[in-house]
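*Asks:* Residues per chain, in single letters:
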Amino acid sequence: MILFMQQLVNGLSIGAVYALLAVGYALVYSVYNFTNWAFDAFMVVGAFAAYYCITLFGLPLPVAIGLAMLVTAGVAVSVEVGAYRPLRVRQAPRLFMMISAMGASMAIVNIVNLAFGGSFRKFPEISSASVELGGVYIGRMDLFAIVFSFVSLSALWLLLGKTRIGLGIRASAIDTVTAGLMGINNNSVAIIVFGVSGVLSAIAGVFFGAKYAVYPYLGLVTTKAMIASIIGGIGSLPGAVVGSLLLGVIETFVSAYISSVYRDLISFTILVLVLLFFPNGIMGAKTVDKL
Amino acid sequence: MGYLTSILILGCINIVVVLGLSVLTGYTGLFSIGHAGFMAVGGYAAAIIYIRLHVPFALALPLGGVAAGLSSYIIGYPAFRGKLRGDYFAIATLGFAEAVRLLLNTTYPVIGGAYGLMGIPQKTNLPIALAVALLAFAGAQSFVRSQHGKNCVAVYDDETAAQMMGVDLLRTKLMALFISAFYAGVAGALYAFYMAYLSPSMFGISKSSDLLAAVVFGGMQSIIGPVIIAFVTVALPELLRFLLAWRLVIYGLLFVVMMVFRPQGLLGYRELDFGPGWRRATAAVASRLGKPRPPRGPQGPVEGTP
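Quick mapping for you: the protein sequence lines, in order, are chains A and B. Residue numbers for the first sequence follow the numbering used here, so the first one is 4 and each next one is one higher. Residue numbers for the second sequence follow the numbering used here, so the first one is 7 and each next one is one higher.
Rather than coming from a laboratory, the hints here were simulated on the basis of the structure. Computed from a predicted structure; not experimentally measured. Idealized CB from N, CA, C, for every residue including glycine. Any given hint could be a false lead.
[Said to hold, decoys possible] Listing some non-contacts, in silico: residues in chain B with all C-beta distances to chain A over 12 Å: (1) V106; (2) G125; (3) Q128; (4) L136; (5) V238; (6) G258; (7) V263.
[Unchecked claim] Derived CB-CB ranges, DEER-like: (8) A:P241 / B:A167: 28 to 36 Å; (9) A:L276 / B:T112: 16 to 24 Å; (10) A:F123 / B:Y121: 15 to 23 Å; (11) B:S212 / A:D178: 36 to 44 Å.
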């Protein structure tokens, strides 16, 4: 029972990282109907920025996370302006958007790789202490990841639901062209949406780096987030969160009770099964009216 | 001589995969970011049936292709059945390639796992590689000119309109995927019998990116463009060794620049044409290798087949 609870908490903490990424995907998808394939690069930038803020400049963790968010949001917005906007304005086919995004991601990840080297870096120990809760030991960092992820997701929820900016984003999600005609500045919506998704991926990058290691190809984990958002129903924000937690927990249980070798295999099998039997995901019905 | 031959052989192998990927991405508009996975399946399958079952080399090549083609249904059928967006398929191919790599890594007692599969005889030489590349070229050429190829182009341009005109979306996409996976499998087999050694790390993400780059730079809906680039991307790194590390950065930036300024690629929607003689020659080769099906319905003669 203790082992079960322990694994559940581990699963939720990695699920929370997936959730940040999956929500970032869902946000961009719901507004622009395309998957942001450069997301892995944003995550890598976030993780490296935080790592070097702490190791080189000795900044405390919250400041490092804040700076990483800023840097990543900047990269995300420049990718939007440089690689997506010219295509979006021209209403280019989705295939071209995908290629452009892949290109941006390839360039950024490999620049990071060449500039900083491909080695695995251990994220500086923030706190190894763990909290005991009814016999279950929870690492401080895990707890922090879970809490911080949910605080940021709730903040996003409030931003989308309660503010004028959120109203504009939601209007664009329903129909970008009509929203533009109604006086919403589509370019600022794009900058906000990409900025927010950059911030989310920076947080995810920091927590993922802290849990495992910081290396240029850590962005591969976004595949999992994409699988999670397909499980949840692509384009649906609540679906993305539920799918991510589910995937995180399933993966952790597979590693704990079967073998960690099969962890990634299981997630791929789940993807195939979901595509076969629930092509719209578990929250599929809700993806129709978006957000 | 040996060095030049090896570049030529690797170039031919690359051409075979890229031809298949061009049918899938360039003509059907389906984006695969895990094509190295199919190469791995084909290479391993061919090597294993050769070593364990003593199947002759000439038969092992196509069987490797068939194995890769069949494995493509694992992702093709679920992803295409529900008329899902291309993004699902792309992520499924990436997942497939990773899954194949992980599975191969865990097979140490049977086929060497991460240490690699050894004991494959070196059978691929320049004449064989050239012959396969030529066959593959002619086959792809005749496919895209056939009715099936036209269905693929229709799906690329507008799925809904294609369906309205009676194109079976699921069948067309599965066929394009099968062909491209088959090509990748054959190429994987050629590669296995050339390197005389296989390891899962040969078929990583950067291999898939290289393949995709050839199709994107070569051009959409063109066979000859990707073929040229496929050869160049093998030969060029040999000449520009100092740029090798920056290769993927340059590819990435070029992807973006190309999509913004010249999205159709180098030779998009075009084929090399050296006049009527060239057209007759390629058509003759194409028709010897499988007659394009006559068009069904009241469409009249197909313009692409002279």
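*Asks:* So, for every hint listed, does it hold in this structure?
*Replies:* Against the structure, the hints come out as follows:
1. V106: Given a closest Cβ separation of 10 Å, the condition is violated.
2. G125: Non-interface label stands for G125 of chain B: nearest chain A Cβ at 25 Å, farther than 12 Å.
3. Q128: holds (32 Å)
4. L136: holds (31 Å)
5. V238: holds (18 Å)
6. G258: At roughly 3 Å from the nearest Cβ of chain A, G258 of chain B sits no farther out than 12 Å, so the non-interface label is violated.
7. V263: Contrary to the label, V263 of chain B does not stay out of reach of chain A, its closest Cβ about 8 Å off (not over 12 Å).
8. A:P241 / B:A167: 28 to 36 Å: Taking Cβ atoms as reference, P241 of chain A and A167 of chain B lie about 34 Å apart, which means the hint holds.
9. A:L276 / B:T112: 16 to 24 Å: holds (21 Å)
10. A:F123 / B:Y121: 15 to 23 Å: The hinted range 15 to 23 Å holds for F123 of chain A and Y121 of chain B, with Cβ atoms some 22 Å apart.
11. B:S212 / A:D178: 36 to 44 Å: With Cβ atoms ~39 Å apart, the hint holds.
In terms of the numbered hints stated before, the structure departs from hints 1, 6 and 7, listed from lowest to highest.
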